[in-house]
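Since the structure of chain A is provided, determine the placement of chains B, C and D with the ligands on it from the hints.
For reference, the chains in residue letters:
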Amino acid sequence: MNIVEKQAEIVTEFALFDDWMQRYEYMIELGKSLPLIAPTYKTDDHIIKGCQSKVWVHAELENDKIIFTADSDAIITKGIIAILIRVFSNQHPKDILAADTAFIDEIGLKEHLSPTRANGLVSMIKQLKMYALAYQTQLS
Amino acid sequence: MNIVEKQAEIVTEFALFDDWMQRYEYMIELGKSLPLIAPTYKTDDHIIKGCQSKVWVHAELENDKIIFTADSDAIITKGIIAILIRVFSNQHPKDILAADTAFIDEIGLKEHLSPTRANGLVSMIKQLKMYALAYQTQLS
Amino acid sequence: MYSTTLHLEKIRADFPILHRKVNGQALIYLDNAATSQTPLSVIDAISDYYKNTNANIHRGVHALSQEATDLFEAARKKIQTHFNATHAHEIILTSGTTHSINLVANGFASLLNEGDELIVSALEHHANIVPWQMLCERTKAKLNVIPMTENGTLDMEAFDAMVNSKTKVVFVNHVSNALGVINPIEHIIKKAHAVGAAVLIDGAQATPHLIPDMQALDVDFYTTSAHKICGPTGIGMLYGKEEWLRKLPPYQGGGEMIDQVTFEKTTYADLPHKFEAGTPNIAGGVGFGAAIAYMNSIGFDAIKAHENDLLHHATKKLSEIEGLRIYGNVPNKVAVISFNVTGLHPYDIGTLLDKMGIAVRTGHHCCQPIMDFYQIPGTVRASFAFYNTHEEVERFVSGLEKAISMLR
Amino acid sequence: MYSTTLHLEKIRADFPILHRKVNGQALIYLDNAATSQTPLSVIDAISDYYKNTNANIHRGVHALSQEATDLFEAARKKIQTHFNATHAHEIILTSGTTHSINLVANGFASLLNEGDELIVSALEHHANIVPWQMLCERTKAKLNVIPMTENGTLDMEAFDAMVNSKTKVVFVNHVSNALGVINPIEHIIKKAHAVGAAVLIDGAQATPHLIPDMQALDVDFYTTSAHKICGPTGIGMLYGKEEWLRKLPPYQGGGEMIDQVTFEKTTYADLPHKFEAGTPNIAGGVGFGAAIAYMNSIGFDAIKAHENDLLHHATKKLSEIEGLRIYGNVPNKVAVISFNVTGLHPYDIGTLLDKMGIAVRTGHHCCQPIMDFYQIPGTVRASFAFYNTHEEVERFVSGLEKAISMLR
Ligand SMILES: Cc1ncc(COP(=O)(O)O)c(C=O)c1O
Ligand SMILES: Cc1ncc(COP(=O)(O)O)c(C=O)c1O
Chain A
1 MNIVEKQAEI VTEFALFDDW MQRYEYMIEL GKSLPLIAPT YKTDDHIIKG CQSKVWVHAE
61 LENDKIIFTA DSDAIITKGI IAILIRVFSN QHPKDILAAD TAFIDEIGLK EHLSPTRANG
121 LVSMIKQLKM YALAYQTQLS
Chain B
1001 MNIVEKQAEI VTEFALFDDW MQRYEYMIEL GKSLPLIAPT YKTDDHIIKG CQSKVWVHAE
1061 LENDKIIFTA DSDAIITKGI IAILIRVFSN QHPKDILAAD TAFIDEIGLK EHLSPTRANG
1121 LVSMIKQLKM YALAYQTQLS
Chain C
2001 MYSTTLHLEK IRADFPILHR KVNGQALIYL DNAATSQTPL SVIDAISDYY KNTNANIHRG
2061 VHALSQEATD LFEAARKKIQ THFNATHAHE IILTSGTTHS INLVANGFAS LLNEGDELIV
2121 SALEHHANIV PWQMLCERTK AKLNVIPMTE NGTLDMEAFD AMVNSKTKVV FVNHVSNALG
2181 VINPIEHIIK KAHAVGAAVL IDGAQATPHL IPDMQALDVD FYTTSAHKIC GPTGIGMLYG
2241 KEEWLRKLPP YQGGGEMIDQ VTFEKTTYAD LPHKFEAGTP NIAGGVGFGA AIAYMNSIGF
2301 DAIKAHENDL LHHATKKLSE IEGLRIYGNV PNKVAVISFN VTGLHPYDIG TLLDKMGIAV
2361 RTGHHCCQPI MDFYQIPGTV RASFAFYNTH EEVERFVSGL EKAISMLR
Chain D
3001 MYSTTLHLEK IRADFPILHR KVNGQALIYL DNAATSQTPL SVIDAISDYY KNTNANIHRG
3061 VHALSQEATD LFEAARKKIQ THFNATHAHE IILTSGTTHS INLVANGFAS LLNEGDELIV
3121 SALEHHANIV PWQMLCERTK AKLNVIPMTE NGTLDMEAFD AMVNSKTKVV FVNHVSNALG
3181 VINPIEHIIK KAHAVGAAVL IDGAQATPHL IPDMQALDVD FYTTSAHKIC GPTGIGMLYG
3241 KEEWLRKLPP YQGGGEMIDQ VTFEKTTYAD LPHKFEAGTP NIAGGVGFGA AIAYMNSIGF
3301 DAIKAHENDL LHHATKKLSE IEGLRIYGNV PNKVAVISFN VTGLHPYDIG TLLDKMGIAV
3361 RTGHHCCQPI MDFYQIPGTV RASFAFYNTH EEVERFVSGL EKAISMLR
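So the sequences go chain by chain: A, B, C and D. According to the numbering used here, the stretch in the first sequence is residues 1 to 140, in order. According to the numbering used here, the stretch in the second sequence is residues 1001 to 1140, in order. According to the numbering used here, the stretch in the third sequence is residues 2001 to 2408, in order. According to the numbering used here, the stretch in the fourth sequence is residues 3001 to 3408, in order.
Hints are not guaranteed to be accurate.
[What the hints assert, rightly or not] Once the Cα atoms are required to be at most 30 Å apart in a straight line, the calculated DSS-like pairs of lysine-lysine come out as:
(1) C/LYS2078 with B/LYS1129
(2) A/LYS126 with A/LYS49
(3) C/LYS2078 with B/LYS1126
(4) D/LYS3078 with C/LYS2021
(5) B/LYS1126 with C/LYS2077
(6) A/LYS65 with A/LYS42
It should be emphasised that the hints constitute simulated quantities derived from the structure, not laboratory data. Values in this document were obtained by computation on a predicted structure and should not be read as measured data.
So here's chain A without its partners, still in its complex pose:
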């Protein structure tokens, strides 16, 4: 599946829920399935700034595609990064760079999109795209 298809899939899943409780419960569920970062990468230079909780992200290139792994000490944050990784992992750097993230709004997480500092979603997306940019440069 490409990025757009994955986003559509997630939007469909979230559309099943009637209220925020179900959405958050599902997000917490997703957090538990997050492909965990190797402990050796859980260092300060893998931390994403701008979150009230700690988020570590690591990226590796496999067959010209980026594989993301991550972790967080907060479970909702873990759910959010899990959603992002489900969309962006195993994709070409250039596709990651080109992707838009309007689906976040559609799944009812709009409040996390504000560029303020309490939540880290904007910083997370930025960081994932930074990795993509780095690998993209390396590839071309």
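Coordinates of chains B, C and D with the ligands only, in the frame set by chain A:
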């Protein structure tokens, strides 16, 4: 005349006027009759702080009564200090210290009574009373 | 189930924001330690100022300027009276607690020598740490820290042992914002004065709950922010004893704070203007005065009684939740509850409570040293004001239970 | 006889204060350079903030805190756009021009060495003199003064000769508040940059009348106060080029401006927070944004055209009065007229005008060096805004004539 009588006299004079223009014209007139300070006393240590215009005041004791002289570079200020001096000059220190200054309000100069810094009336009264206090201490 | 000491329905009508919805739910505002809400009388005082009196103050001869000056100075006077300062000119109007503390710390730069000692407490807000660290860097003075104990109080034996003839300034908050614990400032002030040290008390978290008496405390500097006590943002006060304010050099240079300016030499104005450079937050000052008046119209005795009710009610209920730990759960505290639940991150709890319309603060509360002490990333902090109700406490507790069950 | 460029009746309806009486007369407010009046849209933005959104900003996870943060940051963005700064984080929200200049002057303390030179102009407001004098005292840097000429302009030949490789900072106002003269800042900036010096422009008196373009000017620091441009008191901005803001150390210590705090070592937050310690004037920031929006809804071209009309009309009328001298009566100026009448004290004129409901400012306007240059105790200053009318100019001139006849 004692202080209270002089204040009453001034209030009576000002009661003749219908509007602020006449009052201010009379004040300017009074300013011109101000008993002028001797040039040797027109020094920085005779200046009253807190006026936008400069006001110099000098006090001398004659027969246990204080004689005030003054000057200002602004004519309205000169009028104000002239009124004060007319009331307080040639009086006993203890009477000056005891005097209240509500008559200022009665002659329509209330705005000058605000303890803010642009006009100096409050500072002037304070200064005249300081002189009175100094001489009073000297006398007793 | 409204409290008997306060007419809460009437009081809540004074605060428009308390009637709004958040995420589809009636707002329960329990973030009062971060900033308090603003009653209509304060909002109106600010609006009225701009609609009727707005002018730059001091030195203006025209009527508006005089009226605006009078309003601003009347506010200073109200603040003086409220805190029982000896003189109105001992009340410096600043932009807030942070500004006040920086003003004092900067002023001591010229009064300290290498080897002098300063004492801070482990319970301080960053605003009462960082300015002094900057001062120590500039002067090579040494910063000593009163350690905290597991229950969130200060180790006063350690403090007593720390004070000596080299001690020059002691700065401690009256009430800890992260924990709500009231510190023994009377003792600290006496002890510091015995060696000739000055004491600055950060009262940002005390003034919403009690009235500190400047003369009775005999404190050298005391500071707070209007926005913590129903006033507007951008204004606060620094109380300073006259003799100390005369000793300290001015902080910022500009208009109002000067007597004479030439390029060769500048002399400074008298108190309080020496420390109030530039156009002040005039409307803010007027709003600050209105806030003090509002709080007093409610009455601090009634405020204290009601808040204590809320505190005890909430503490009791929370204590029944398994795995919940309250930090600083001591008798001598204000209506602030800082807690964690085993295995859960404060951010997760705060996020879910927010979805239920309940506003609490999560994180380090600008007190990283306290978090380091407990080795936690932060806490959930519910802080109450006199306009909160027992029903809100109930809804908060059941909301918390729901959040916990979702997260576990 | 309303101006054709602006719908003045409609505009004046936005300002409640313009309809009040002073000393029994309709107010004519000609003290706009001291502070401008506040339109309803700004007053309402502030009230609405307190009624609907008030919360402490940044780091709060709850909805109110997020909304308040968004409002505050949207204001920053509006200001950035208005002044065409490259980045929003180059806009530091301060409590006003005085605070801004002190922030920069303090920052240079660690960047200067003995023997370095600073250049100030003879036309500056005390706010742009005193902080630098304090800096010179701390660093032993030397303060050079660009002299002024009899007509109120700067002696640019003297400036050109003054700039050299030791010059580190040049600070000049865009427009002189005492005279209204527009200074050749483009030339000053270029010349200073040629020797690697930084330039701070005090724009407090320019921003009510024109839109300075940060990128086109290539200026290093630019500052103004919201209360000069229809905004609230207690808030202002410091624009700083990113590279300079990174170079300068923080000014005040406290919450928000830190990254990590321990008693051993504290690291600072990123721009703009590094310079915004403590709870900012949140409502003030929101009001500042609303003021910028309001001014743009009128349009600066229209503002300029109308103000020039008023200026020329008033200048022509005043010039006909015997013994009246206008200081800084040059073509390149904003709508400010500073004058004296032979033999009369400005205080007397101001006092009598006030009795007629006409608010002008008298005194040294926080520019004692200019008064010393002309050897006068002060001037009468009438400063116009876009909401003033030709009728008001007429009434001001005839009021002045009446005052003069009373005083002579
Ligand atoms: C040119 C100039 N600079 C600085 C200031 C100081 O501004 P504020 O008092 O708002 O800090 C003013 C305002 O009087 C001014 O006109
Ligand atoms: C104890 C304490 N000190 C200082 C501050 C800083 O106050 P402000 O942000 O109003 O400057 C706060 C507010 O958060 C506080 O709670």
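Hint-by-hint comparison with the structure:
no.	hint	result
1	C/LYS2078 with B/LYS1129	holds, 27 Å
2	A/LYS126 with A/LYS49	holds, 11 Å
3	C/LYS2078 with B/LYS1126	holds, 23 Å
4	D/LYS3078 with C/LYS2021	holds, 28 Å
5	B/LYS1126 with C/LYS2077	holds, 20 Å
6	A/LYS65 with A/LYS42	holds, 22 Å
In summary, the structure agrees with every hint in the numbered list given earlier.
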